[in-house]
Structures are given as structure tokens and as C-alpha cells.
Amino acid sequence: FLENREPKLVEDCKATIFIRGKNANNVVLQILKDFSLLKKPGSVFFNKKNDLRPFEDSSSLEFFSQKNDASLFMFGSNNKKRPNNIVLGRLFDYHVMDMFEFGVENFKTMNDFKIPKIPVGTKPMLLFAGEMFDKDAEYQRLKNLLIDFFRGPVIEHIRLQGLEHIVVFHSMDNGKIQFRSYKVAFKKSGTKVPHVVLEEMGPHMDLVLRRRKLASDDLFKQATKKPDQLKPK
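Taking UniProt numbering, the leading residue of the sequence shown gets 1, the next gets one more, and so forth.
Bear in mind the hints are in silico, worked out from the structure with no lab data behind them.
Predicted model, so just to flag it, every value in this text is computed and none were measured.
Misleading hints may appear alongside valid ones.
[To be verified] Think about it this way: if two alpha-carbon atoms lie no more than 25 Å apart in a straight line, the pair counts; the simulated DSS-like pairs of lysine-lysine are: (1) Lys49 / Lys81; (2) Lys80 / Lys176; (3) Lys14 / Lys221; (4) Lys81 / Lys213; (5) Lys33 / Lys117; (6) Lys49 / Lys143; (7) Lys108 / Lys49; (8) Lys67 / Lys49; (9) Lys80 / Lys33; (10) Lys81 / Lys22; (11) Lys213 / Lys187; (12) Lys213 / Lys14; (13) Lys22 / Lys33; (14) Lys22 / Lys123; (15) Lys22 / Lys80; (16) Lys67 / Lys80; (17) Lys48 / Lys33; (18) Lys14 / Lys33; (19) Lys187 / Lys114; (20) Lys14 / Lys183.
[Stated by the list, open to error] Label-pair ranges, simulated between beta-carbon atoms: (21) Ile115 / Ile158: 21 to 31 Å; (22) Ala137 / His170: 37 to 47 Å; (23) Val27 / His157: 32 to 42 Å; (24) Lys81 / Met125: 19 to 29 Å; (25) Lys81 / His157: 40 to 50 Å; (26) Glu56 / Ala129: 26 to 36 Å; (27) Met125 / Glu56: 31 to 41 Å; (28) Ser59 / Val196: 20 to 30 Å; (29) Phe55 / Asn26: 15 to 25 Å; (30) Arg53 / Gln161: 39 to 49 Å; (31) Gly130 / Leu37: 24 to 34 Å; (32) Gly130 / Arg151: 13 to 23 Å; (33) Gly190 / Lys81: 54 to 64 Å; (34) Arg211 / Val27: 41 to 51 Å.
A virtual CB, placed ideally from N, CA and C, is assigned to each residue, including glycine.
Please model the entire structure based on the sequences and the hints provided.
Right under this line is the structure:
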């Protein structure tokens, strides 16, 4: 058990915990369930409500992280000041490193899209649109966190038939970030190259950035440092 938690040259796929706050409403609960489903088999869903305030006190988050050997989390809550609220974050050595808080608007659950679902454990392709992801330092850190959150296991080879899921993050001029999730379908085209069709599968939402907590540059470099054994020679 302890050996499994020791540092590795190539880390296992990062586990993600999904935590519902004490005032989480049905919208927030469904958001957590949808993302937990997308992250299977690497997700741990907390059915019980938890009285957490991640930005005021992260000690409970860090306890849950260590208990479940998880380095990523999504926390959902709802109140008058911050309705339909989610917090995405990651931890390094079981201490909170980065957190971003969002208000969720225009939410549609995966159940609203009546198409066949992708297999559990499908590795998504990630697309980032909008210049903020390239020119703004906070958005660059957010992009790095989102890649960490959604990329899934490291694989050596790619099968065309395995490219079944694409997640799109679109930074809008109004400050919102569109989150869209599509199933990729390959149709016959009469040639060797198939016709590619994207079918929206959910979840579907617009994210309004609220509070954020970023690791220092030194801590970020330490957390993302590659072992010497993995550096090209």
C-alpha cells in the first residue's frame, strides 16, 4: 500500500475526488455526477455533503486527497452570493497548489443529449480556443490545470477508432469560457479517409471565472519538474 504512494518516474493516472458542499443544489450535484462519469475509472464520488470552504481552509481537502491518494478535485456548492458554484483544483504532495472557482450558467446534463455514450475510460482530445489561453498568465495556468484534469492516462500508441471524445474550451470576449463535449463519429465517405462528424454529448455549460488561488512560480516548477532519468540525452 505504502509502496503504491511512493514517487514514480512515470506517475499513474491521477485520481480525482468529487465533493458536494452542504448546500449543493440539484444542478451542482448533476455537474459533479457528469464529470465523475467522464473521469471514470479514476474518479471518487463523495455521496455525503461536506461543509467545506476551499479558499478559507483547505485542510479538509488535503485530508481527503491523502486518504484517497488523489491529486485532483472538483468541489460543488450553491448559495445566494455564489450560485451554481464549482471549484477545480490540484494538489502537489497532498497540499493544494492551484484552484479556480467558476459560476456555471446554461448547464445541460449528459442525459439531455440522446445519443449513445462513449465507453468508460475514453481518453479525450482537448481543444482550447480563444487568445486568452495564450496571452494571459492566469489563463495559461488554467489551461495547464484543465489539461491535467482531463487528459487521462499516458499512452504509447493511438488508434483512429479510439478518438471518440473531444472536449472544447472556448474563451469568449465577454469573459466566459464555453465548455462543450462531443462524441466523434466516423462515417463512410467513399474514400479511405472517413467523414468525421461531431455530436454534442454533454455536459454543456458556460463558466464564469470567480476566485482563484495559484501556486508560486517556484512551487509550480517543483511540481512539474521531470526526473533526470526521463530527460532526453
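Hints, one by one, checked against the model:
{"no.": "1", "hint": "Lys49 / Lys81", "result": "holds, 19 Å"}
{"no.": "2", "hint": "Lys80 / Lys176", "result": "holds, 20 Å"}
{"no.": "3", "hint": "Lys14 / Lys221", "result": "holds, 18 Å"}
{"no.": "4", "hint": "Lys81 / Lys213", "result": "holds, 19 Å"}
{"no.": "5", "hint": "Lys33 / Lys117", "result": "holds, 15 Å"}
{"no.": "6", "hint": "Lys49 / Lys143", "result": "violated, 29 Å"}
{"no.": "7", "hint": "Lys108 / Lys49", "result": "holds, 23 Å"}
{"no.": "8", "hint": "Lys67 / Lys49", "result": "holds, 17 Å"}
{"no.": "9", "hint": "Lys80 / Lys33", "result": "holds, 22 Å"}
{"no.": "10", "hint": "Lys81 / Lys22", "result": "holds, 15 Å"}
{"no.": "11", "hint": "Lys213 / Lys187", "result": "violated, 44 Å"}
{"no.": "12", "hint": "Lys213 / Lys14", "result": "holds, 20 Å"}
{"no.": "13", "hint": "Lys22 / Lys33", "result": "holds, 16 Å"}
{"no.": "14", "hint": "Lys22 / Lys123", "result": "violated, 32 Å"}
{"no.": "15", "hint": "Lys22 / Lys80", "result": "holds, 14 Å"}
{"no.": "16", "hint": "Lys67 / Lys80", "result": "violated, 32 Å"}
{"no.": "17", "hint": "Lys48 / Lys33", "result": "holds, 13 Å"}
{"no.": "18", "hint": "Lys14 / Lys33", "result": "holds, 18 Å"}
{"no.": "19", "hint": "Lys187 / Lys114", "result": "holds, 19 Å"}
{"no.": "20", "hint": "Lys14 / Lys183", "result": "holds, 23 Å"}
{"no.": "21", "hint": "Ile115 / Ile158: 21 to 31 Å", "result": "holds, 23 Å"}
{"no.": "22", "hint": "Ala137 / His170: 37 to 47 Å", "result": "violated, 19 Å"}
{"no.": "23", "hint": "Val27 / His157: 32 to 42 Å", "result": "holds, 39 Å"}
{"no.": "24", "hint": "Lys81 / Met125: 19 to 29 Å", "result": "violated, 36 Å"}
{"no.": "25", "hint": "Lys81 / His157: 40 to 50 Å", "result": "holds, 48 Å"}
{"no.": "26", "hint": "Glu56 / Ala129: 26 to 36 Å", "result": "holds, 34 Å"}
{"no.": "27", "hint": "Met125 / Glu56: 31 to 41 Å", "result": "holds, 36 Å"}
{"no.": "28", "hint": "Ser59 / Val196: 20 to 30 Å", "result": "violated, 47 Å"}
{"no.": "29", "hint": "Phe55 / Asn26: 15 to 25 Å", "result": "holds, 24 Å"}
{"no.": "30", "hint": "Arg53 / Gln161: 39 to 49 Å", "result": "holds, 45 Å"}
{"no.": "31", "hint": "Gly130 / Leu37: 24 to 34 Å", "result": "holds, 26 Å"}
{"no.": "32", "hint": "Gly130 / Arg151: 13 to 23 Å", "result": "holds, 19 Å"}
{"no.": "33", "hint": "Gly190 / Lys81: 54 to 64 Å", "result": "holds, 57 Å"}
{"no.": "34", "hint": "Arg211 / Val27: 41 to 51 Å", "result": "violated, 19 Å"}
In the structure shown, a violation is registered for the earlier hints numbered 6, 11, 14, 16, 22, 24, 28, 34, in ascending order.
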